[in-house]
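Residue numbers (my numbering), protein chains in the order written: chain A, 40 to 375; chain B, 40 to 375; chain C, 96 to 390; chain D, 13 to 520.
One or more of the hints may lead you astray.
Cβ pair distances, simulated, as ranges [what the hints assert, rightly or not]:
no.: 1; chain 1: A; residue 1: 91; chain 2: D; residue 2: 162; range: 56 to 62 Å
no.: 2; chain 1: D; residue 1: 21; chain 2: A; residue 2: 239; range: 43 to 49 Å
no.: 3; chain 1: B; residue 1: 136; chain 2: A; residue 2: 91; range: 44 to 50 Å
no.: 4; chain 1: D; residue 1: 388; chain 2: A; residue 2: 370; range: 54 to 60 Å
no.: 5; chain 1: A; residue 1: 141; chain 2: C; residue 2: 308; range: 36 to 42 Å
no.: 6; chain 1: D; residue 1: 88; chain 2: A; residue 2: 370; range: 53 to 59 Å
Worth flagging that the hints you see were computed from the coordinates, not collected in a lab. Note that the coordinates shown come from a computational prediction; the quantities given were computed from them, not determined experimentally. For glycine and all other residues, C-beta sits at the position ideal for the given N, C-alpha and C.
The primary structure of each chain is shown beneath.
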Amino acid sequence: MTASEDAAETSARGRTWRDIDLRAVAPFAALALLLIVGALVNPNFIGLNNLANVATRSAFIAIIAVGATFVISSGDLDLSVGSMVAFVASIMILFMNSGAIADPSLMLAAAVALTIIIGAGCGLANGLITTVGKIEPFIATLGTMGIYRGLTTWLSQGGAITLREPELQALYRPAYFGSILGVPVPIVVILAVTIVAAFVLYRTRYGRHVVAVGSNSDVARYSGIPVNRVRTIAFVIQGVCVAIAVLLYVPRLGSTSATTGILWELQAITAVVVGGTALKGGAGRVWGTICGAFILELVGNIMLLSNFISEYLIGAIQGAIIIIAMLVQRSLVRKS
Amino acid sequence: MTASEDAAETSARGRTWRDIDLRAVAPFAALALLLIVGALVNPNFIGLNNLANVATRSAFIAIIAVGATFVISSGDLDLSVGSMVAFVASIMILFMNSGAIADPSLMLAAAVALTIIIGAGCGLANGLITTVGKIEPFIATLGTMGIYRGLTTWLSQGGAITLREPELQALYRPAYFGSILGVPVPIVVILAVTIVAAFVLYRTRYGRHVVAVGSNSDVARYSGIPVNRVRTIAFVIQGVCVAIAVLLYVPRLGSTSATTGILWELQAITAVVVGGTALKGGAGRVWGTICGAFILELVGNIMLLSNFISEYLIGAIQGAIIIIAMLVQRSLVRKS
Amino acid sequence: QEEKKVTIGVSIPAASHGWTAGVIYHAERVAKQLMESHPGLNVVVKTSPDPASQANAVQDLATQGIDALVILPTDPDPLVNAIKEIKGNGTFVALVDRAPSVNDGTVRDLYVAGNNFALGEVAGQYIKETTPEAEVVVIRGMPIPIDQERQNGFDKGIEGSGVKVLDRQYGNWNRDDAFKVMQDYLTKYQKIDVVWCQDDDMAVGVLQAIEQAGRTDIQYVVAGAGSKDMIKKVMDGDKMIPVDVLYPPAMVGTALEMAAAHFYGQVPVRGVYTIDATLVTKDNAKDFYFPDSPF
Amino acid sequence: MNPDVADGAPVVLAARRVSKSFNGVQVLFSVNFELRAGEIHALMGENGAGKSTLVKILSGFEQPTSGEILLDGQPIKLPPNGQAEALGIVIIHQEFNLAEHLTVSESLFLGREVTRFGVLDRKFMRAETRRVLDQLGSHVDENALISSLSIADKQMVEIAKAISRDARIIFMDEPTAVLSREETNYLFRQVRKLRERGTSFVFVSHKLDEVMELTDRVTVLRDGQWVKTAPTSILDGESIAQLMVGRELSSLYPAKQEPSVDEDVMLSVTGLSTHYVQDASFDVRKGEILGFSGLIGSGRTELMEAVAGLRSRTAGEVSVRGTPVPAGDVHAANRVGIAYMTKDRKHKGLLLNSGMTANLTLQSLDRHGDHGYLSPKSEAAALERARRRFDIRVRDGRVVAGRMSGGNQQKLLLAKVMETEPDVIIIDEPTRGIDVGTKQQIYHFISALARDGKSIIVVSSEMPEIIGLCTRVAVMREGRIVGILEGEEISEQEIMRYSAGLKKKTAA
Ligand SMILES: Nc1ncnc2c1ncn2[C@@H]1O[C@H](COP(=O)(O)OP(=O)(O)OP(=O)(O)O)[C@@H](O)[C@H]1O
Ligand SMILES: Nc1ncnc2c1ncn2[C@@H]1O[C@H](COP(=O)(O)OP(=O)(O)OP(=O)(O)O)[C@@H](O)[C@H]1O
Ligand SMILES: [Mg+2]
Ligand SMILES: [Mg+2]
């Protein structure tokens, strides 16, 4: 990953070699440090099994964060992703429970398509409110956060929405628990999503426009770039990423409620920033984002595997570790 | 309020009259609209009692948001305020429970002083991590958010920390429930804090520096402004505002727990933005912030007083109202 | 004598509110006791804030290698898959308090049931008997199934009486939110007889709001769970808190003890053990008063 | 009339009785303007005369309040936001329009990226960028980030961006203000080449010699009114200046006043090094004007920023009146009386979203009230003073700095620095984008300051300015001071010889 990150970003951004090297590598250095700490804490930690587990469950945040990388690069912010997960997942399960299509495989396919459409639609709503309504993205998506979560509560009538059809469940389960050539499906999905995202961001006209809009929207407008369209599409991409995360989430827990995905937006944004993308916009690092998501999940994992930290203090230590990880990155970059 | 806001901001920012007028007035227009809606929803709404209740309980968010106005104007962000409330309140109550000082009035005075110091210290920590550590404020304060909350959980051993001394409690209670010349104390405190903050932001050298740093930190540096110091002090001001909020919070329920102040950071930031301050930094509207805090509290109040909204949908409607309030503001400003 | 080595993992919600803090307190208290009496036993307690991270925690416990899992789910349905996974490895599973919609032998070996339905029902019945024509306002918790169960129980409890529910709103099991909701109820309704807030934490906010408004029409408040503060009020004969409905966080300790007994005792431990939602009154209050608990 | 190339050529773009107001303040009054095919048309006028505004109207970036625009004789409403590019109308903005996070080649192709099968053809775009830059004689790396470029290089990228478009009409709003003579020559060569192919140019500049050298016709604006359009050949610098200012100009430079040799040394720099600058030593006496000359990128700015505490230094001492100045502390430098005026007014000089007052007093707030309190009255008085002293001309006193004309921004910046009442004043490019009339005022102002006993360092790429103003001139080359010239030595040839590395002497 590191190598391809460098390659992609260097040619895309063309900084001096030394500079780019360290900036792109920094999150990976922090990751390496964490792996060492983890290995010291618990011998089981470094086992393939455990690391695969961690990577697998980082999938939700990682995939959502890839979408967030687009939104943040274009200078916006999306706080609604957590509740969007709950909302999209509710609709997906309700649809599958509806029994509208008899054949399970067909039903599943239709549900997948519906999920993607709903996700894209939610993203589109966010995008239009932000761009056409000209509302600060922070407030616009805080508003839709409330709306999506509220709708979920209403759909679930305050309870949970659970996938009922056992046949469907059996059919769908491998989407999270299965593996392809020995690699768990979620990891494959993370990689696929990231490769596509990196391609779009670094190799297509749209990706170039995203960066330009985030860097200076006036300049972008004067260059004939349809600024609002670029921003709106970034929100749609975010919505599609949320939908993909939902496609993995539903087979895992088979149920959602109004509390699903609470605070995931903060985690996604944190993953993006820990991965080296600046919140001000104008530069996106997709591979760094994935690394950031992995770091976050790893911190939780290490906490759990270590047996000497009072569970009351876990939150405090997690906070401290994130700060330290960022300091490690900074000092690396500064040394260059 | 409106008038003095205008005066202060015009001389500070020097926009054209028409422009400034509508921008400063916009949040108040949204507020007026809400009051009308509220009056239609429930006749009790417009009663002095209810409005006083709403204003009183908006005190915590309002005062914290005044501090956030400084941090945001200087181009930063503080996500830790909610957990800082919990942490500072815990220490205050633990100190009062410690019985270190026998005389209740003396004890109370000492506790108040301690609270302010702890609040300022927490702010200072945030400021130093952000500026000296050169970490994005979003991540730095997300880290300290975890730390303050974790420490609170640990101090309370997961439970509640309750003020035990009945004498102290009786002495302290009026700080929230009392009133001065018929005006509830919290409202008086909001006004006092806002007047001081407006003075500092619009009429002092430091306030000018805050805006300059938030507007363009390079220009500020070339003008001999100690950028990091200005930013750090903004965080300290935020910490002191949190401490003041705690001083009102503790006498209300006489207890705190690890869940105190959860998500208050989002509410405070929302109040600031709804009040017309841009998240990009470079401009602060203190009176607008207070208005924003009041709007937020009012929305919840109207929801509860209305009879026709399912409790499941309240969150959704709240979100929608915030978006509509912003649209009202925008359309007002655009008409100019 | 060398005892056999057993590791029990305990997965419980993070201390997000008083009751869960009590859960942690009792889990740790019992864990310590058990480890003292069984030198071969190791108990690992882990807390998680939400279903997704609890699923992770369960997975991490499995990674460490455990013989039994005692789990109090944050939200049961989303955790079924994770629990089944670990049960599939032959781990003994004791499920505490919150039941998923499918709750049978495929999910767990032992179910120590806190009875949410009964918590609502007992409160409802008390109100029905004490004040049969009361106008009641309800403060709910959060939109998750256990809250729904309590509401259903309450409705069953007041069935067939003149008790009228004026309003139900969410207070998020949080004192501050309950304070606000109660303030607004007081504005909205000129006459309220009884408040049912199903949780002791929220009762703190409710009492303050009533006191501030100086309203005398409210006859009493029914909360629930059995926190030491509320039990104390019942014990002292506080007019506003005449009773409390027990929903003991200590049930996790019970489950842990039973799981240990599965390995060290003679009898196999399986099935369902329901813990009653006892009505705490002035007479029996002192039996439920734990001044050392954080809750 | 004069037998010019473009004479009789068809009019491609014209403005008829165009007026423009911003928020009710009128800045253009019924202006007529005609651009013929294949001509280079100079647009001249004092700062704030409305040149940039007219240029923006003719390229669609602003809409006229009244009047009409004719393209090829047909009335037209130009599309906004640079979409007029599709009609072949391209503008090089006075203030750059580049996104800092992009590379040079990304900027050049922004909005019209070349793709193959939907994938960016980065190789092609880089090669093409290189080609255009080479034509302009620019050595900028096509892969460099815009944020890493100097102002001059950014300007070259702006120019390259415009020239690489297939344009019929190119507006150039002060393109040479930040360029060296050499770069300017390259630019002019390209411009002439394009003119031969029938491209028309509108050239806005305050440099009279360049206007005389390059353009075919001149239009002069004064206070938003059209004054005259005439072939360049029948005008000379004097007459243009007179048309602009509306009065006769006396000599541009004041008489030089050499301070006596035994005057106290005010600023002393010894052995100062930074990452780029090596071992720089020089003294400035009281009442002296020391010039700093050198090619672009010779390190003058970096040295001065190090002196003013804006950059860390790796070695060396700076002292004022014998008191050492701590390194890397702007405020400390300010306190002992060093003030530095940046050449990058847009990014480092002015708060573009703030008004004039906030900008003016930003560096000297402690003069406007006690204990941190600010007195609006005192600030207003300062603004009044500064507007008179520096002849800052705005029609609307509440305008934010970003909307002031380029020259007036420069004056505001100078005023801001002067507000600190420094003893040692370092001015980097003092008259960038300033009209001749005001230039003269500024020169006299600098000279008056020196007579008052201030020490002044003028860093400038305009040789006449250095020669006309300074009593001693330091020349830098590749981060080193290669010579300090005095008296008779100060001449264009001599300075060039030092800057080109043909001659060298150790610091006197
Ligand atoms: N967007 C705007 N809003 C308000 N006033 C403006 C705006 N743009 C320009 N002005 C005003 O219009 C007047 C003319 O400005 P313009 O930029 O056209 O001058 P100029 O001739 O280009 O001067 P310079 O030589 O200094 O660049 C100035 O007073 C300026 O403040
Ligand atoms: N050969 C080089 N090696 C390294 N850095 C160089 C080189 N040439 C130029 N530079 C860079 O150029 C900068 C010097 O430019 P500076 O702005 O100080 O020069 P200047 O003489 O003021 O030119 P200008 O006319 O552009 O203001 C330094 O920051 C330095 O990093
Ligand atoms: Mg101009
Ligand atoms: Mg320079």
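- Query: Do residue 91 of chain A and residue 162 of chain D keep their Cβ atoms within the hinted range of 56 to 62 Å?
  - Reply: Given range 56 to 62 Å: violated, Cβ gap about 50 Å.
- Hint says 54 to 60 Å; check whether the CB-CB distance for residue 388 of chain D and residue 370 of chain A agrees. violated (45 Å)
- Query: Is the distance from the Cβ of residue 141 of chain A to the Cβ of residue 308 of chain C consistent with 36 to 42 Å?
  - Reply: violated (58 Å)
- Query: Okay, residue 88 of chain D versus residue 370 of chain A on CB: inside 53 to 59 Å?
  - Reply: Check passed, 58 Å falls within 53 to 59 Å.
- Query: Honestly, do residue 136 of chain B and residue 91 of chain A meet the 44 to 50 Å range at C-beta?
  - Reply: Once the Cβ atoms are compared, 48 Å apart, the range 44 to 50 Å for residue 91 of chain A and residue 136 of chain B holds.
- Task: Could you see if the CB distance from residue 21 of chain D to residue 239 of chain A stays within 43 to 49 Å?
- Result: holds (48 Å)
The structure is inconsistent with the numbered hints 1, 4, 5, although it conforms to all the rest.
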